[in-house]
Structures are given as C-alpha cells and as structure tokens.
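Asks: Next come the chains, spelled out residue by residue.
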Amino acid sequence: MLSLRDLSKSFGGVVAVDRVTLEVRAGEVHALIGPNGAGKTTLIHQVSGSLPADTGQILFEERDITRLAAHERVRAGLARSYQVTSLFRRFSVLDNLALAVQARSGSSFRFWHPVVKEAALFDEARALAEQINLGNRVEVLAGNLAHGEQRALEVGLALATQPQLVLLDEPMAGMGPEESQRMIALISRIRADVTVLLVEHDMPSVMEVSDRILVLDAGRLIADGSPRDVAADPRVIGAYLGAPEAA
Amino acid sequence: MSGILFLEQTLNSLQFGLMLFLLAAGLTLVFGIMDMINLAHGSLYMIGAYLMATLAEATGSFWVALPLALVATALVGAALEVSLLRRLYERDHLTQVLATFAVILIANEVVRMIWGNQSLMLNPPAGLTGPVTLPGGMQYASYRLLIIGVGAAVAVCLYLLVTRTRMGMLVRAGASNREMAVAMGVNIRRLFTIVFALGAALCALAGAMLGPILAVQVGMGENILILAFVVIVIGGIGSIRGAFVGALLVGLVDTMGRALLPIAFAKLFSPPVASNLGPSVSSILIYVLMAAVLFLRPQGLFPARG
Amino acid sequence: MRILLVALVAAAFPWAMHALGQDFYTSFATRVLIYAMAAASLNLVLGYGGMVSFGHAAFFGAGAYIVAILAAEGITSLWIAWPVAVAVAALAALVIGAISLRTRGVYFIMITLAFAQMMYYVFVSLKAYGGDDGLSLPGRSSIGLGVSLSNDFVWYYIVLALLALVLFLLHRLLDARFGRVIEAIRENETRATAIGYPVYRYQLLCFVISGAIAGLAGALIANQTSYAGPTLLHWVQSGTLMIMVILGGVGRFWGGPIGAAVLLVLEEVFSASPLLGPYALHWQLPVGLILLAVVLFAPQGLAGALAKRSQ
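Taken in order, these protein sequences are the chains called V, A and R.
Heads up: the first sequence at position 229 corresponds to 247 in this note's numbering, and the numbers run straight through without jumps.
Heads up: the second sequence at position 34 corresponds to 81 in this note's numbering, and the numbers run straight through without jumps.
Heads up: the third sequence at position 29 corresponds to 42 in this note's numbering, and the numbers run straight through without jumps.
To be clear, the hints were calculated from the coordinates, so they are not data collected in a lab.
Just so you know, not all the hints are guaranteed correct.
Some, not all, of what chain V presents toward chain R, calculated at C-beta under 7 Å [to be verified]:
#, residue
1, 88
2, 89
3, 92
4, 104
5, 117
6, 118
7, 126
8, 128
9, 129
10, 130
11, 132
12, 133
13, 135
14, 140
15, 179
Lysine to any residue pairs mimicking SDA-like chemistry, simulated, CA-CA at most 20 Å apart [what the hints assert, rightly or not]:
#, chain 1, residue 1, chain 2, residue 2
16, R, 140, A, 318
17, R, 140, A, 178
18, R, 140, A, 123
19, R, 140, R, 244
20, R, 140, A, 220
21, R, 140, A, 163
22, R, 140, A, 130
23, R, 140, R, 247
24, R, 140, A, 313
25, R, 140, A, 324
26, R, 140, R, 239
27, R, 140, A, 55
28, R, 140, A, 326
29, R, 140, A, 316
30, V, 135, R, 187
31, R, 140, A, 343
32, V, 135, R, 182
33, R, 140, R, 181
34, V, 135, V, 157
35, V, 135, V, 104
36, V, 135, R, 181
37, A, 314, A, 303
All of these numbers come straight from a predicted model, not from anything done at the bench.
Just so it is clear, CB atoms sit at the ideal spot from N, CA and C, and this is done for glycine as well.
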C-alpha cells in the first residue's frame with residue numbers, strides 16, 4: 019500500500035531521515051518505533067506532506083505522491099493524526115468530525131445553504147463519535163475535553179476522511195494505562211477498515227496491537243519484522259541501550 | 048548619466064540607507080527578541096526630532112542638544128515599554144498592531160498639543176551648512192557627509208556591541224531563542240527595557256540627523272515607519288546584519304530609482320507618459336523589491352532564527 | 014428580536030431627523046452605513062478568516078477612485094460604474110491575495126501593507142485624476158428611473174438597502190459550508206489541510222469577496238462625499254477600519270457595523286461638541302485612548318461585551 023524508497027531529509031547538517039526504504043502492507047497494523055530523535059516524526063511529516071523530501075520516492079497505492087500537496091494526499095486516502103494535539107478547539111466534537119466529513123463530501127465552495135441543515139454530515143459525524151467512544155460528548159468543545167478524549171478525537175478526525183491508510187503519531191502520548199487500553203481497543207477495531215502505521219513509544223501497547231514493527235535509529239531503518247523477532251533483535255536492543263521500556 | 052550625478056546619488060543612497068538602518072536596527076531587535084510589532088517606533092523617531100529641534104533652539108547648539116535629545120527619547124521609550132508595551136509581548140500580532148497604532152494616534156495628538164501643527168525648524172550645526180568639495184571636484188553638502196559619518200560610526204558601534212559585548216550576546220541569544228535565554232537566567236525584563244530604550248535612542252538619532260533635511264512635523268513617523276518595516280522584512284527579522292544590508296539596499300533602490308527612472312523613462316516614453324509613470328514606478332520600487340525578496344527567501348535575507 | 018428593532022430604527026431615522034430639523038444627521042448616518050459595510054468586509058477576512066490584512070484600504074479606495082474616474086470620463090450611471098468598481102476591487106484583491114497568502118504571520122501583514130502603499134502611490138501619481146489632491150465628482154451616480162440620488166433621503170435608503178443586502182448575504186455565507194471552512198482554517202490551519210481542504214484556495218476566495226465588498230463601500234463613499242482622494246488608500250485608513258472591527262468585536266457578526274458606528278460617533282462627538290472645548294481638534298487623542306483600552310481590556314469588543322451580558 020505504501021512504499022518508501024530511499025527517502026531522506028536533512029536539516030542543515032543534520033540528517034534526520036537517512037535513505038529509508040520500507041513497505042507498509044495493506045490490512046496490517048505497522049508500528050514505527052525507535053529512540054528519541056530517531057527521525058520517526060520527520061518520516062511521518064514527509065509521508066503526510068508537511069515536509070518535502072530531499073531525495074527518494076513515496077508511492078501510495080502504486081501512485082507516486084512524492085510531490086503531491088498535503089491536502090491532495092488526504093483526498094487520495096492518506097490521513098494522519100498529530101503527536102501534539104491539533105484540533106479545532108472552539109468547535110464541538112461533533113463539528114470537528116463534521117468538518118472532516120464535509121471535506122470529502124462535495125465542494126465546500128457553497129455560500130447559501132446553512133450547514134446545520136445537512137443532516138447527512140452530522141449523522142455520519144455522530145457515528146464516528148460513537149466509534150471513538152465520544153458518542154455522549156459530541157456537544158463538548160474540543161478544547162474542553164480531557165486529554166485522553168482529545169487524543170481519541172485526533173484519531174477520529176483522521177478516520178473521518180475515510181482513508182485507506184492512517185498515520186497515527188503517538189496516539190497514546192500522555193495517556194495513563196486505562197486510556198491507553200481504550201486507544202488500543204480503538205486501533206484494533208479500525209484495523210478491519212484501514213491500514214495503520216503508528217509511531218509509538220509505549221512498548222507493551224505496541225507489542226500488543228501491531229502485526230509488524232519497523233525500527234528507526236538515527237534516521238536509518240535497522241529492523242523490520244514481527245514483534246517477537248524485533249524484540250529479540252540485538253541491534254534494536256542496542257539502539258535503546260537496554261531492554262525496551264514502557265513509556 | 049553623468050558620473051557626478053551618479054556619485055551624488057550614491058552618496059544620497061548611503062545617507063538615506065544609514066539613517067534607515069538606525070530605525071530598522073531598533074525595530075528588528077524589538078521584533079526579533081520580543082516578537083512584537085511596534086508601530087509606535089515611528090512615533091519615537093518623531094519625538095526625537097521634536098525634542099532635538101526644541102533643545103537645539105533652547106541651548107543654541109546642535110551638539111549640546113543632540114545627546115540630551117537622545118537621552119530624553121530613550122527615557123520616553125523606556126517609560127513606554129514599562130508602562131504599556133510589556134503587556135503586549137504575550138499577545139497576538141493583531142493586538143500589538145492595534146495597540147501600537149493607538150499609541151501613534153495618541154503620540155501625534157500630544158505632539159500637536161504641545162508644539163502645534165506647524166513644522167519645526169531644525170538647523171544643521173554651524174559650520175556644516177555649506178557644501179564641501181570632494182576629491183574629483185564635486186560639491187556635496189557637508190551636512191550630508193556628517194550624516195553618513197555618524198551613521199557609519201553607529202553601525203560599527205552596534206556591530207561591536209552586539210558581537211563583542213556580553214549584553215550583545217544576550218541580545219542575540221534572546222533573538223534566536225527567547226525561552227532558552229530565559230531558562231539560562233537572563234533577566235529578560237530588564238534586557239527588554241534596555242533594548243527598547245536603545246532602539247528609542249537610535250530613532251532619536253535618526254530623527255535629529257534627518258530633521259534639517261526632512262521636515263520636523265507630525266506624521267513624519269508614519270512615512271518612514273513603513274520603510275523601516277520593509278527593511279527588516281527584507282533583511283530578516285531579528286538580524287542587525289540583515290537590517291544593515293536591507294537598509295542600504297532599500298536606500299539604494301529608492302534613491303537611485305527616483306533619480307534614474309524618470310531619466311530612463313523620458314528616453315523610452317513620451318513626456319506625458321514618462322512624467323506620470325516615472326514617480327509612481329519609483330515609489331513602488333522598494334515594495335516590488337520586498338515582494339521579490341519574500342518570494343525567493345520568505346524569511347528575509349539573514350533570518351535570525353533557525 | 015433585536016434585529017427587527019435595529020431595522021425599524023434605521024428605516025425611521027431620516028424621517029425622525031427631518032422632523033427635528035436635523036437633516037445633517039441623515040447624511041452622517043449614511044456615512045456610518047457605508048463604513049459599516051467596509052468594516053464588515055474587513056471583519057470577514059480578519060475576524061472570521063483570521064487574515065490580518067493591513068491593506069484593506071486599497072480595495073476601499075480603489076472602489077472610490079474607479080467611480081470618480083469613470084465620472085470624470087463621463088460615465089455616471091451606477092449600473093455601470095458600481096459593478097466596475099466592485100470588479101476592479103475584486104481583481105486587485107485577487108492579485109494581492111494570490112501573492113500575499115503565500116506568506117504567513119507578520120510577513121503577511123507587511124506584504125498586504127506594502128501592496129496597499131503601492132496602490133496608494135499608483136493613484137497619487139495619476140495626475141490626470143487629481144494626483145495628491147484627489148478627484149471630485151460632479152455629483153452622485155445616476156440611477157435612471159427618474160430618481161435622483163442627490164436627494165439625501167433617497168440616498169440614505171439606497172445605502173441602507175445595499176448594506177442590508179450585503180449583511181444578509183454575508184450571514185448566509187458564514188452559515189454555509191464556505192463560512193465553516195474559513196473559520197476552521199482560522200482556528201487551525203494545519204488541521205484543515207490535514208483533513209483535506211485546499212486552504213489557500215479558500216483563503217483567497219474569502220479575500221476576494223471581502224475586497225469586492227470593500228470596493229462597493231468605496232463606490233458609495235465616493236458618492237457620499239462627491240470626492241475620491243488618496244487618503245482613502247493610505248495605510249492609516251486601513252488602521253481605521255481595523256479599529257472599527259476591533260471596537261465592534263472581531264469575528265462577531267455585528268462587529269463591523271457596531272464598530273463603525275461607535276468610532277464615527279465618537280469622532281463626531283469629540284470634534285464637534287463642546288465636550289472637549291479648545292481641545293476639540295485633538296479628538297484623535299481620546300479615540301486612541303479608547304482603542305488602547307479596548308485592545309487591552311476588552312479584546313472581544315463591544316459585540317463581545319454585549320454577548321456576554323446576555324448570557
């Protein structure tokens with residue numbers, strides 16, 4: 019589904035992503051892990067289009083999207099959530115999701131008809147809210163949600179665009195064990211409809227939910243395999259300077 | 048075009064550019080370090096010019112009045128910073144624009160109330176009212192040469208201040224990463240006030256030096272403020288070096304443009320077209336320059352950050 | 014409903030003034046209505062769109078100048094002059110917006126300011142059309158139909174009708190899909206892109222619509238004062254419009270009209286009345302102080318304060 023070929027990105031003298039080549043297969047949950055500063059978020063930015071690649075190619079569903087604008091990639095079926103919560107804080111949960119649904123249901127260059135009358139948008143938004151466990155919080159302003167709920171909405175917004183592949187950047191950031199469990203349950207639920215590439219530090223969660231793990235260290239891909247294989251890989255262990263630890 | 052005219056325009060460009068630099072330096076520091084858009088910067092320039100004109104009249108001496116005007120304006124600047132502007136650092140740019148725009152209105156009216164609507168006379172220092180003969184036989188106003196000299200000297204001093212002194216280092220650190228500077232224990236509030244006062248003094252210097260050439264009147268600040276902003280946008284916000292290069296560039300393009308374009312147009316177009324086109328195109332040249340620079344280097348020529 | 018009350022007052026105003034023998038105030042009120050339109054247009058792009066455009070006066074002034082220039086060339090029918098003014102303003106907004114919207118933050122503010130200055134210098138340099146002194150119009154635009162716009166009464170109602178139409182259309186626009194997206198972009202541009210909106214296109218269209226409305230207001234002001242001058246394009250005029258928006262309440266629907274009304278009334282009160290005595294000339298001082306106070310202590314403006322009261 020997603021192919022990265024020789025992808026690189028440097029900032030001044032610092033090489034953040036170093037000729038990474040990897041494949042993300044349809045229908046699987048892939049985790050991208052690595053020590054801090056390994057280049058994971060930079061990689062995600064390049065895939066989603068927030069950062070241009072210096073060299074290399076990004077192929078999505080056989081299509082070269084390396085030069086494609088970020089919003090076009092979303093239209094093509096590639097969505098993401100953010101590590102630092104990025105929501106429409108003064109919009110309600112329902113309105114947040116409805117915005118995302120609106121983006122893919124026809125043109126928004128419409129100036130006459132009030133949006134609130136478009137029941138279809140809001141019905142779908144409600145369904146999405148249910149899916150991410152915010153069904154009874156739809157009227158709350160996004161900025162007033164609890165942290166865990168905001169992270170769930172983060173994922174929800176990405177899902178609302180009905181992507182084929184979703185990039186989740188540390189969905190469990192700042193979450194306690196109970197919230198993390200809910201997020202894992204959510205990811206397990208969505209895997210039937212969408213391929214997932216997630217960046218995470220929370221090792222037990224990663225082990226539990228992923229089909230495959232990709233390990234990045236200092237910008238390079240150093241391991242790629244099943245959770246068991248990767249956990250036992252000496253290079254991976256070395257990269258983390260000891261046993262992988264929970265976030 | 049004759050060599051003499053060219054040389055004269057070059058010197059004029061230098062003179063204008065260096066004065067612009069004085070304004071731009073203070074503006075870019077305030078902007079770079081405190082992340083604040085200060086439209087009232089032009090008002091400090093105006094206040095400096097007015098104080099200078101009044102003090103020169105009162106003391107009868109240009110050279111006695113000058114340091115007094117600088118100190119007085121610096122104090123005004125510091126007072127402004129402490130009482131009002133420091134509340135704006137945390138606010139968004141729109142708020143800063145509106146608040147400092149309000150300061151412009153207030154300052155203009157206060158100046159009008161004190162000095163009236165007429166423009167003030169400010170004479171160049173005795174002995175520098177006439178022309179001087181340059182090598183090559185050309186005559187050039189001696190006062191303008193003084194401006195160039197003062198401007199260049201101040202530029203050098205600023206450069207040394209910023210690169211060689213401890214305070215300068217703090218200023219540069221603050222410009223490139225404010226949080227880090229605070230984390231390292233820099234007394235940010237006092238630094239800001241000092242930077243602001245210094246900027247105000249520079250404004251006053253520019254106002255005092257340009258006073259004999261341009262008119263000392265209400266509203267003089269607004270006209271030059273835009274140019275100063277263009278300079279720092281071109282040069283890169285937060286960078287003294289950028290302000291210097293930007294100021295010289297703007298001074299050059301503006302002065303040369305106004306001098307050369309009408310001549311060029313007169314050769315290319317018919318007189319009525321040329322007389323219309325010439326001034327309008329030369330007035331917009333620096334804005335075209337700014338647009339071009341932003342297009343190629345959206346952060347300006349020497350961005351201080353990242 | 015409050016709107017009905019406002020509409021009633023607005024409709025009855027000229028009659029009341031005529032009855033009181035104070036026809037001047039009808040003319041003043043018309044001026045308020047025109048600036049209400051200009052401020053509302055700025056509020057669209059600034060308050061709702063989050064784009065701090067410091068060059069809005071360019072579109073306002075351009076609209077005024079087009080009407081004046083056409084009148085000088087013998088074209089006085091408003092059916093031609095006004096649409097052309099709007100079109101030119103919209104075109105200017107398209108060009109300026111297309112370039113400026115590639116930048117962000119302070120650079121955006123600066124570059125819109127610079128473009129406005131460019132327009133200012135261009136119009137000042139048109140010696141044939143007044144240069145520094147500006148251009149006078151022989152009279153108000155002609156509407157045909159046997160009606161004369163030089164009658165202040167009629168003129169007031171024309172302007173009122175146009176303002177009402179513009180506000181109505183703006184209201185629909187803001188409630189529609191487009192309005193939502195614009196507000197979402199203002200709220201979080203990154204996120205808007207990440208859910209698939211081509212942000213640039215929406216912002217540009219918003220900018221153009223706003224510029225077009227400002228152009229219409231400009232056409233009206235030229236008619237109101239029978240004059241179009243370079244000060245209309247000066248960045249200080251942009252600042253004045255911004256003051257109106259912030260006084261009234263940035264991002265609030267009635268912010269533009271309320272702000273315009275308040276500022277113009279304040280100007281009138283301070284400069285004409287015996288309130289300030291010999292200091293009447295310095296009315297900009299209390300205006301500046303009030304602006305400062307609003308910016309520091311009531312950033313939601315008057316509309317915001319009213320909204321809070323009714324909660």
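Asks: Taking 7 Å as the limit, does the beta-carbon of residue 132(V) come near enough to a beta-carbon in chain R?
Replies: OK, holds: residue 132(V) within 7 Å of chain R, min 4 Å.
Asks: Under 7 Å, Cβ to Cβ, is where residue 140(V) needs to be relative to chain R, so tell me if that hint holds or is violated.
Replies: violated (12 Å)
Asks: How about residue 133(V): closest beta carbon in chain R under 7 Å, or not?
Replies: holds (5 Å)
Asks: Does residue 157(V) sit within 20 Å of residue 135(V), going by the straight-line distance between their CA atoms?
Replies: holds (17 Å)
Asks: Does residue 244(R) lie within 20 Å of residue 140(R) when you go C-alpha to C-alpha?
Replies: holds (15 Å)
Asks: Checking one constraint from the list: CA of residue 140(R) to CA of residue 130(A), max 20 Å. Satisfied?
Replies: Violated - the C-alpha atoms of residue 130(A) and residue 140(R) are around 46 Å apart, more than 20 Å.
Asks: Taking 20 Å as the top limit, are the C-alpha atoms of residue 140(R) and residue 316(A) close enough?
Replies: holds (17 Å)
Asks: Is the Cα-Cα distance between residue 140(R) and residue 318(A) 20 Å or less?
Replies: With Cα atoms ~13 Å apart, residue 140(R) and residue 318(A) stay inside 20 Å; holds.
Asks: Is residue 140(R) close enough to residue 55(A), meaning Cα to Cα at most 20 Å?
Replies: Violated, at about 29 Å.
Asks: Compare the distance between the alpha carbons of residue 140(R) and residue 178(A) with 20 Å, and conclude whether the hinted pair is satisfied.
Replies: violated (35 Å)
Asks: For the hint on residue 128(V), does the least C-beta distance to chain R fall short of 7 Å?
Replies: Status holds, d = 4 Å.
Asks: Does the nearest C-beta of chain R fall within a distance shorter than 7 Å of the C-beta of residue 118(V)?
Replies: Holds: closest Cβ of chain R sits about 4 Å from residue 118(V), inside 7 Å.
The structure shown violates the earlier hints numbered 13, 14, 17, 18, 20, 21, 22, 27, 31, 33, 35.
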